Amino acid sequence: MDNFHVNANYIVWKTNHFTVPKEQYTVINRTASSVTFTNIASLNIQLTCNILTFGQIEQNIYGITVISGFPPEKPENLSCIVNEGKKMMCQWDPGRETYLETNFTLKSEWATEKFADCKTKRDTPTSCTVDYSPVYFVNIEVWVEAENALGNVTSDHINFDPIDKVKPNPPRNLSVSNSEELSSILKLTWINPSIKNVLRLKYIIQYRTNDASTWSQIPPEDTASTRSSFTVQDLKPFTEYVFRIRCMKEDGKGFWSDWSEEARGITYEDRPSKAPSFWYKIDPSHTHGYRSVQLIWKTLPPFEANGKILDYEVTLRRWKSHLQNYTVNDTKLTVNLTNDRYTATLTARNLVGKSDASVLTIPACDFQATHPVTDLKAFPKDNMLWVEWTTPSESVNKYILEWCVLSDKSPCIPDWQQEDGTVRHTYLRGNLAESKCYLITVIPVYANGPGSPESVKAYLKQAPPSKGPTVRTKKVGKNEAVLEWDQLPVDVQNGFIRNYTIFYRTIIGNETAVNVDSSHTEYTLSSLTSDTLYMVRMVAYTDEGGKDGPEFTFTTPKFAQGEIEAIVVPVCLAFLLTTLLGVLFCFNKRDLIKKHIWPNVPDPSKSHIAQWSPHTPPRHNFNPKDQMYSDGNFTDVSVVEIEANDKKPFPEDLKSLDLFKKEKISTEGHSSGIGGSSCMSSSRPSISSSDETESAQNTSSTVQYSTVVHSGYRHQVPSVQVFSRSESTQPLLDSEERPEDLQLVDNVDGSDGILPRQQYFKQNCSQHETSPDISHFERSKQVSSVSEEDFVRLKEQQISDHISQSCGSGQMKMFQEVSAADAFSSGIEGQVDRFETIGMDAAVDEGMPKSYLPQTVRQGGYMPQ
Amino acid sequence: MLACLCTVLWHIPAVPALNRTGDPGPGPSIQKTYDLTRYLEHQLRSLAGTYLNYLGPPFNEPDFNPPRLGAETLPRATVNLEVWRSLNDKLRLTQNYEAYSHLLCYLRGLNRQAATAELRRSLAHFCTSLQGLLGSIAGVMAALGYPLPQPLPGTEPTWAPGPAHSDFLQKMDDFWLLKELQTWLWRSAKDFNRLKKKMQPPAAAVTLHLEAHGF
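Chains as they are written, first to last, in the working numbering: chain D, 1 to 865; chain C, 866 to 1080.
Please note: incorrect hints may appear among the correct ones.
Unchecked claim - Not the full set, but computed from the structure, chain D residues with beta-carbon under 8 Å of chain C: (1) W110; (2) T112; (3) E113; (4) Y132; (5) S133; (6) Y136; (7) V138; (8) D161.
It should be emphasised that the hints constitute simulated quantities derived from the structure, not laboratory data.
Note that the structure is a prediction, hence the values are computed from the model and not measured.
No residue lacks a Cβ here, since even glycine has one placed at the ideal position from N, Cα and C.
Using the sequences provided together with the hints, build the complete structure.
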């Protein structure tokens, strides 16, 4: 160190090339340094001592390898075993890992002698098999010594007799034999292991049926002593059993041997312990007097058959008659029976004997089944389909359970089973499938025959339907839709349909779900939005889940059915009503309207016309202008009609007719011909409207005339009558007729059907005249054209002026009549020409300068005559 | 006071426990020795069969019954019944111990001569077992308080194959050794059975017997 001019402070310790922290160093003196490790992380480290020369260059001085580990722990739980025929083997717990090579030595000695040590092998450090064969009945002392570099330790000594550590070999050649005398026993024999010569053994015998998985055990106290055979009792007849056996030292010291090889044996046959299940079917298509009955039975299960069934013996006894015997190998027998009651018995036979007899009563043809079971229920439990019922009040011999799969595709082929009369619940013993609907029928069988069957449906295990219901719309309204669907077929139901859920949504909206009871096949979705596309689908749920059907799309209409009509029709009606009311109003108030809109301003300058009227001087007196003005109606009318004549003949007609009506009313009480003439005069201007100027004059003259007659002097009518042309009787008649006529006019307006008859009457009343017919015809011919009609009317008026004045206004009615009485018109066609001519004449008359004259004539009505 | 009571209570269970851990007496070891003789008897039966077959005819013939020649040194198991009955336990055990000690020595000599390894293994195991029997008898004697017989120096039985012995005579000696061994095992079984029956009463009887013997 002096060479390098360093002291112990310059020593650096390294482990595996990593410097140890200075805190672990201790400087002993100038040339010595020590390092302390409190915890060794690694089992094998390289520790080097280095010095820092010149303060920075590390120089290795020396290095060692440090191997760390633990001294051995005291071995625990030393135990030994002597496998029969082999040498003793002992094992122990070595304790914690030492990380060092540790040797274990098994030492053993007698009180008088030591045995060779047993050194463990590298691959089995915790056990050792001694070299010498064990000497039984001499106690041996055994212990283990563990030793490594850090020390050695000895386990506790154990002292034992090797015979108490023996594991015998299993008994050999186990064999099973049965007994013909007893079908419930099997005798086992075996060869004991050779150690039996030096010690006493006890045994455990186990057995099981061939198909069972768990072992039954013969009570150990029955086999607690050395033996080489054993008889197992209480076994089932004709059943294969499997046996095995093991042994150990009788006092329980030592170890059980391994199990012997299994041995099999079959118990001897016994007579069948139970009568077979027995039932019958009657062929529905029986011939008269006979029925084909199929007797059916079930093979006995092995535990009841107790042997190989050789055949079945069937007896049939007709009511109080002789016996018929059948021996059958099959499990069915078809016999033809009369319609009487029969009793059938069935026994199964094996090598040993016959079973008890199953008795079955086949009732007579007319037998009425009664007393069914009640409260029939079926439910799955523990992967079986259980059926439960309440027994009828009568004592039941047995129950027959029939079941079949309900399907639309295949027919119901029933399987069956029989239960004792005391049974109230059972499970179906058959290969039942899941998701299938089983129809289970329970028939109680009484002494005198079968009772009424009772049925129930059940599933072994439900599943969601394999198909969802297909929903469709039955009716789609503006805000609602009636959905309908078909019940799912039983083959796809896979369970009881408990309920449906309808999901519907718009394209953008959230889905809405509605639950519907399974009994429904229709549902109304309400509160839908109009004119919207809806998507609806439906899920059918069983107890196990649901399955949705295809999505159905529908669009709600914009308007509900009849909604358009509901809007349009009232609107139209309202419009019509309003129009009608307006028209009526106008009619009612037409005078007022006229007054306001076009008041008649009489021309005073023409007042003299009336005064100088040559034919009616006396009338002058009764025609004061005051009166004429006071009664503006008539003057107004005249003016309107004159003006409107060319353009609106029809309303004018109406008006004129209306006027007639009014006049009629006002003159009702009168018998005066003047009334009638005034009436005619009021219509007259419209007829003569072809000549405007003249018509104006005519009008005025007419007005005056009318006024005189009608208003103001009503009460003086008698005197007026005397004054005017009362000498003519014709108007008077006319006047009498008039009320009717006027009424007819009204009727025409309303297209009343009674008109024709009245017309006839009228015609009859004026039979002597041809004019009604003519006018009638004319009218009918010219209905189509307004102008023509006007013209016709003109002519007609003229005709009436000239010819038919006798009938007065009655003829006007005739025109209206035409359409209804067309047949007539054709019949009288021949007369037309003549009338036309007459019309022409009339026109000629009107065309005369003295325009007022014809008017006067007409008014008078009798001038031409 | 309370502490005193507690101390007493503490010691109560300890007392019988101590009794139990004490020497259970010679009973179990006598039974075990009896079982061992039966076991050795069984073992010898198969060994003898094998060995006599190895010796060959006439030794392996069932009815071969040669005269006892040259086997005088072997301890004789046969004894007069009255004499046997009159033997006391100590003498009985001592005779057994001495007999097996000698027989074991002869047997070890037999082992050395055996030709096949299997036979040697069987003989070795039998020797070990016989060694165990000796130990067992010694144990019983110790339990009963009898001293082990001291082997007389000079009379140490050794297998000395004399030059006078012919091969046949040698085989004859082997035959008699096995035969005498078997007889001794029978006798020992009877001895220990008798002893076992005597020991079945509680250990007190043994003590009494010992005392009586002492007188």
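Hints and how they fare:
1. W110: holds (5 Å)
2. T112: holds (4 Å)
3. E113: This interface hint holds because 6 Å falls under the 8 Å limit.
4. Y132: Result: holds, 6 Å to nearest chain C Cβ.
5. S133: Holds: closest Cβ of chain C sits about 5 Å from S133(D), inside 8 Å.
6. Y136: The hint holds - Y136(D) has a Cβ within 8 Å of chain C, the shortest such distance being about 5 Å.
7. V138: The hint holds - V138(D) has a Cβ within 8 Å of chain C, the shortest such distance being about 3 Å.
8. D161: Where the cut-off is 8 Å and the nearest Cβ of chain C is about 7 Å from D161(D), the hint holds.
The structure shown violates none of the earlier numbered hints.
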